[in-house]
Amino acid sequence: MELAVVNTSGSEVKKVSVRDDIFGAGVNESVVHSVVRWQRAKRRAGTHATLNLARMSGGTKKPFKQKGTGRARAGSVNSPLWVGGAVIFGPQPRDYSFKLPRKVRRQALCGAISAKVEAGKLVVVDAISIEKPKTKEFFSILSTLNLRGSEGSPSKPPKVVFLFSKGEEAAAVSARNISGVTCLPVEGVNVYDVVNADCLLLTEQSLANVTQKLGAQIDKVGAGESASSL
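Per the numbering used here, the very first residue in the sequence shown carries number 460; after that it's consecutive.
Heads up, a few of these hints could be off.
[Unchecked claim] Quick list of in silico lysine to aspartate or glutamate cross-link-like pairs, DMTMM-like style, CA-CA up to 20 angstroms:
no. : residue 1 : residue 2
1   : Lys618    : Asp657
2   : Lys593    : Glu628
3   : Lys473    : Glu461
4   : Lys625    : Asp585
5   : Lys575    : Glu628
6   : Lys679    : Glu646
7   : Lys474    : Asp585
8   : Lys580    : Asp652
Think of the hints as simulated: they come from the structure by calculation, not from any bench.
Keep in mind it's a predicted model, so treat the numbers as computed, not measured.
The whole structure should be built from the sequences, with the hints applied where relevant.
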């Protein structure tokens, strides 16, 4: 398949051939959902905690005598039955992450990228030439590419994920202060950010690097499966 490459003025300059197994793969929503859950679980801090009897201080003295007061017997002010007492079976710090096969994660990423291509939400620019970080310049490029919404619209601008490569750091720094724009190096492209974005913005160099990154993984797995079948 082929993707159109535009310049920073929005005019198409050429078409480039891309791999169907990366940019034209089928989308398995169940697999994508599993990987999004996996990513969010890994990011979860899990620092919630409650005080149980072992973690509470004091309260070892019996608050009043056992008999003769007319009250229910009690042995500690830390009792879970009392207000301000310990919590039984409350949440404790834990790790929410779980394992997911690398093949599944790769399949979900290719599917998420392919969904953006199918929806026309992947924009490839030949190059973004910004020598020094300048937010105004990058904002102007986004506006020219119609990635800031219609002028005067009360709705929020679309969420854009800008994938940059080595040597394009100035463009990334220029974009990071713009509302709705997330800058990721090609090495950090992931399912959650791709799915959450309204549009993907790549330079031609980033497109080649993404293809190389995912293509090498796919080819390696394919070679291994071919060898095992012999």
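Outcome of the hint check:
1. For the proposed pair Lys618 and Asp657, the alpha carbon gap of about 5 angstroms is at most 20 angstroms, so the pair holds.
2. Between Lys593 and Glu628 the CA atoms are separated by roughly 12 angstroms; this keeps the pair inside 20 angstroms, and the hint holds.
3. At roughly 10 angstroms between alpha-carbon atoms, Lys473 and Glu461 fall within 20 angstroms of each other, so this suggested pair holds.
4. At roughly 15 angstroms between alpha-carbon atoms, Lys625 and Asp585 fall within 20 angstroms of each other, so this suggested pair holds.
5. About 24 angstroms separates the Cα atoms of Lys575 and Glu628, which puts this hinted pair outside 20 angstroms; it is violated.
6. With a CA separation close to 18 angstroms, the supplied pair Lys679 and Glu646 stays within the 20 angstroms bound.
7. Restraint check for Lys474 and Asp585: the C-alpha separation of about 10 angstroms stays at or below 20 angstroms, so the hint holds.
8. Distance restraint check for Lys580 and Asp652: the Cα-Cα separation of roughly 14 angstroms lies within the 20 angstroms cut-off, and the hinted pair is therefore satisfied.
Hint compliance for this structure: hint 5 alone is broken.
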